[in-house]
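K.L.:
The lines below spell out each chain.
There are 2 protein chains.
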Amino acid sequence: MLGEMQDWPLLTWRLIDHAAQAHGDREIVTATVEGAIHRYTWSDARLRSKQLAAALVALGVEVGDRVGTLAWNTHRHLESWYGIAGMGGVAHTVNPRLFADQIVYIINHAEDRVLLFDISFAKLVAEIAPRLTTVRHFVAMTEPAHMPADAGISNLLCYESLLAAQGTDFQWVMQDERAPAGLCYTSGTTGNPKGVLYSHRANVLHTFGACMADALGLASTSAVLPVVPMYHANAWGIPYAAAAVGAKLVMGGPHFDPGTLHKLIIDEGVTFTAAVPTVWLGMLQFLEKTGQDMGALKTVVIGGSAAPRMMIEAFQNKYGVRVAHAWGMTEMSPLGSVGTPSAHSLQLPAEKQLDLQCKQGRGLFGIDMKITDDAGNSLPRDGESAGHLKVRGPWIVGRYFKGDGGDILDAEGYFDTGDVATIDQWGYIQITDRAKDVIKSGGEWISSIELENAAVAHPEVAEAAVIGVHHPKWDERPLLIVVRKPGASVDKDDILSFLAPRVAKWWLPDDVVFVEGLPHTATGKISKLELRHQFRDYKLPTAA
Amino acid sequence: MLGEMQDWPLLTWRLIDHAAQAHGDREIVTATVEGAIHRYTWSDARLRSKQLAAALVALGVEVGDRVGTLAWNTHRHLESWYGIAGMGGVAHTVNPRLFADQIVYIINHAEDRVLLFDISFAKLVAEIAPRLTTVRHFVAMTEPAHMPADAGISNLLCYESLLAAQGTDFQWVMQDERAPAGLCYTSGTTGNPKGVLYSHRANVLHTFGACMADALGLASTSAVLPVVPMYHANAWGIPYAAAAVGAKLVMGGPHFDPGTLHKLIIDEGVTFTAAVPTVWLGMLQFLEKTGQDMGALKTVVIGGSAAPRMMIEAFQNKYGVRVAHAWGMTEMSPLGSVGTPSAHSLQLPAEKQLDLQCKQGRGLFGIDMKITDDAGNSLPRDGESAGHLKVRGPWIVGRYFKGDGGDILDAEGYFDTGDVATIDQWGYIQITDRAKDVIKSGGEWISSIELENAAVAHPEVAEAAVIGVHHPKWDERPLLIVVRKPGASVDKDDILSFLAPRVAKWWLPDDVVFVEGLPHTATGKISKLELRHQFRDYKLPTAA
Chain B
0 MLGEMQDWPL LTWRLIDHAA QAHGDREIVT ATVEGAIHRY TWSDARLRSK
50 QLAAALVALG VEVGDRVGTL AWNTHRHLES WYGIAGMGGV AHTVNPRLFA
100 DQIVYIINHA EDRVLLFDIS FAKLVAEIAP RLTTVRHFVA MTEPAHMPAD
150 AGISNLLCYE SLLAAQGTDF QWVMQDERAP AGLCYTSGTT GNPKGVLYSH
200 RANVLHTFGA CMADALGLAS TSAVLPVVPM YHANAWGIPY AAAAVGAKLV
250 MGGPHFDPGT LHKLIIDEGV TFTAAVPTVW LGMLQFLEKT GQDMGALKTV
300 VIGGSAAPRM MIEAFQNKYG VRVAHAWGMT EMSPLGSVGT PSAHSLQLPA
350 EKQLDLQCKQ GRGLFGIDMK ITDDAGNSLP RDGESAGHLK VRGPWIVGRY
400 FKGDGGDILD AEGYFDTGDV ATIDQWGYIQ ITDRAKDVIK SGGEWISSIE
450 LENAAVAHPE VAEAAVIGVH HPKWDERPLL IVVRKPGASV DKDDILSFLA
500 PRVAKWWLPD DVVFVEGLPH TATGKISKLE LRHQFRDYKL PTAA
Chain W
0 MLGEMQDWPL LTWRLIDHAA QAHGDREIVT ATVEGAIHRY TWSDARLRSK
50 QLAAALVALG VEVGDRVGTL AWNTHRHLES WYGIAGMGGV AHTVNPRLFA
100 DQIVYIINHA EDRVLLFDIS FAKLVAEIAP RLTTVRHFVA MTEPAHMPAD
150 AGISNLLCYE SLLAAQGTDF QWVMQDERAP AGLCYTSGTT GNPKGVLYSH
200 RANVLHTFGA CMADALGLAS TSAVLPVVPM YHANAWGIPY AAAAVGAKLV
250 MGGPHFDPGT LHKLIIDEGV TFTAAVPTVW LGMLQFLEKT GQDMGALKTV
300 VIGGSAAPRM MIEAFQNKYG VRVAHAWGMT EMSPLGSVGT PSAHSLQLPA
350 EKQLDLQCKQ GRGLFGIDMK ITDDAGNSLP RDGESAGHLK VRGPWIVGRY
400 FKGDGGDILD AEGYFDTGDV ATIDQWGYIQ ITDRAKDVIK SGGEWISSIE
450 LENAAVAHPE VAEAAVIGVH HPKWDERPLL IVVRKPGASV DKDDILSFLA
500 PRVAKWWLPD DVVFVEGLPH TATGKISKLE LRHQFRDYKL PTAA
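If you read the protein sequences in the order shown, they are chains B and W.
Oh and the first sequence: position 473 is 472 in numbering that gives the first Met the number 0, straight run, nothing missing.
Oh and the second sequence: position 262 is 261 in numbering that gives the first Met the number 0, straight run, nothing missing.
By construction, these hints were calculated from the structure, which means they are not laboratory data.
Honestly, I wouldn't trust all of these hints.
Identical copies go unnamed one by one, so any copy, or any two together, can satisfy a pair.
No farther apart than 30 angstroms at their CA atoms in a straight line, the calculated lysine-lysine pairs in the DSSO-like style are these [unchecked claim]:
id: 1; residue 1: Lys435; residue 2: Lys524
id: 2; residue 1: Lys297; residue 2: Lys317
id: 3; residue 1: Lys369; residue 2: Lys439
I would like the entire structure built from these sequences, with the hints used as guidance.
P.N.:
Written as structure tokens, this is what we have:
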């Protein structure tokens, strides 16, 4: 026997239909690639998404086909999400900051039929086009006047011309809610990138989760600026969440500089924004320098990596902006946890509340979490035990696209995030390291991140990284690699004396080496992989 | 091709599992039927729900079986929702305020196998037990010390004894998310009551919708008092929503008097509460009389019928409590719309904002709405055109239990709510009448509710009702039926003069009659059905 409620598949086009009908006059504002500020409404966005859907059908795109995008956060990129999925296709966001070889691999692996790209990427597309084996049409996301001249891309189409040829009465495709709507590849540090094929159901359920008051808490009165790019883990789901509640959506296009972002925040009355910590470091320096405030901004969500405590303090105490840490990943659509206050936290002194805010928040309903040891045994939620953080839920990957990587769930159906974390009794998780970066010393785990955080607190240290190096007795011991600030002369003994009162004695690095610079990945993180390669034969002084 | 996300059926036991794991120490507080305040946590509630599930299995309840409840809002009633659905059964909430014959009909129609009841209802159960053809076990929801003596119910079991015999390690039943979890009958004014068979999926999706910031907006820091009973339209989904976010849940048991409710609000730091207008009228009088305030209360949600403007003003201006109108019905799980502010409303002067608050709010994502004329043609969203309000969505009934009433959806899959409403350009709906109460005069519609509201504003009118009476030329014309306040002598001319500047000229009632009292339904509403019966042969003076 089944219940007797209506069958109403959870499809992403319902989000923009709702926005257009219940919040049709709310604006979408874009600082465009071409330069001007573009401004229209959710009603307009829906009609143009329908025009795009019709145009894709006219180009021969079929249900289930992938359509790639190389694009910033713009109104056209937004239309592509709803238009592609609305005609039954799969919106494949490609990260333009990856190396060209990776981009070629990803587009060919996804078998994209059409590639939509911002004119910023015309040169890149011209360079890789000959190696793209499945793309039949290249579409520059601009109007005729801004089409790149002599782009060197054969058969180049113009987005606005394609739309102008279509009416606005396209009928969204009604299909199984488990049908795919989106695709995003993880830029794995080893092996080829792997694709996460999002279903309509996962995207809509993630939207519901993200809109909860204790998650992003968006409302129709919100004005939302997702600085996090749409090509990076769905811009944390904000382009869907904003539609679900009819929020005003403000997008920075190719602009990530504090000046442009700040002007958008002030001019558009932004109340909510989200980005990685580096963006906010730049913003704090900008505010300091210009003496400006944050206008109507109420909430900053910070994810991608941990926000420094001073950043949280500065936003809250100097600018009256609440900071919420969030945690997630491409494989999680991406939200897993958000750092909103618990009832018990409101009773704590300010310093203790800040301690909690430095954690990565609490899991949303829809995310089952556990931490385990290497053997897969669950560890207690005591805020002390660190283990592999594993997750289960309707917006978590079940397997990678085309089965790459094989079976990725444990016997209970959990996906291993690759993060190491603690969970405290109130459900707050704290990411202590990436599993592959943890230093396993005599069977115990040392967090490379905590050591790095302790080291960069030294006033003469510009950047620091910790890796595990082979040790005959302890298996691995930490090696600290430091970049000095210009003109600084700090040495090994200074560093170790500085660390001694700050970390457990057995965590102290066995050696400290000084380098001119550290290797970074395409997304700006320190490349531990490269460091481990550089120091693969390093002999620790304690290993004699 | 399908997406590659995890299969994670939306089942209601996941809500209490989440509450226990992420918010295990948050409290559930009940003013019990037996008299004392009972206090425990979501963790405790989960374990006891598992004990109940095991006890039901031991009693022979099978997957798909219905288990009835005749109970107030208590921790045990909460356990029954999660325990029954968690073992694969269907929690059938029976409204104890219905007439005994209706209760007998409902329980037999549902084929309840077990009936759980609060000791307040022991006499009622003893009276109807001989006529219940499917109930095998009667369970008094109390501890041995409070078991009713000589209840006259054969085979009477004690809830606490049943639980004490079971462990807490019951494995929740994993099943299709479309499986039934709950059942509630509508007390239709004509014909037999009809059942709405809620699926797990509908309940969980409704929970997501209800938790949105622009709906109930509950958070883990909330302390929630649902005054609306669990036997009435799922207590507006609050027992599920509170679990999803880990809110403190405060329940009044059999107590609906302002004194007890006020004490709970103050003692337990209640921040959010929900009830029908009559409860809040009583509360306002209590506050006026005692000079007390509302403590930590921030939000009052009012539904069931329209809240008078003065009530909204009093809560907001005198007590600093935000009032949100909500609208829904049993067939909608029940939430359809909630009256949270729109961006445009924040720009309006206070009086205009209040006008909007008197409307029934805006539809949630998940609810498709339309208004149509009698022929089913959609009407514009102009705030003026009143039409049949029809809804579609994953928590809206698809058909009544056992197919009663036949096909209830239109060609586009919409359910006719029986309400007449306008929708304005910002998505705010305003219920202007019940379709069967609208007076159809010369092809135009006159709202009986608006006429009644205008009439009761007269200082000498205690109660008023308007019905349509046959008219040879206009088909129907309004008849106003008035109960004078004690000692008042207001007459027909006074009333009509009072109404003249307040309603359209052609809306003015063709006659006014004065009566000693009006007939009411079991749930306290004026019985228009009975009035139409009483006045079925009434000759209007204008009908000559």
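K.L.:
Give a verdict on every hint.
P.N.:
Now the hints, each set against the structure:
no.	hint	result
1	Lys435 <-> Lys524	within (15 angstroms within a copy, 66 angstroms between copies)
2	Lys297 <-> Lys317	both (13 angstroms within a copy, 27 angstroms between copies)
3	Lys369 <-> Lys439	within (21 angstroms within a copy, 62 angstroms between copies)
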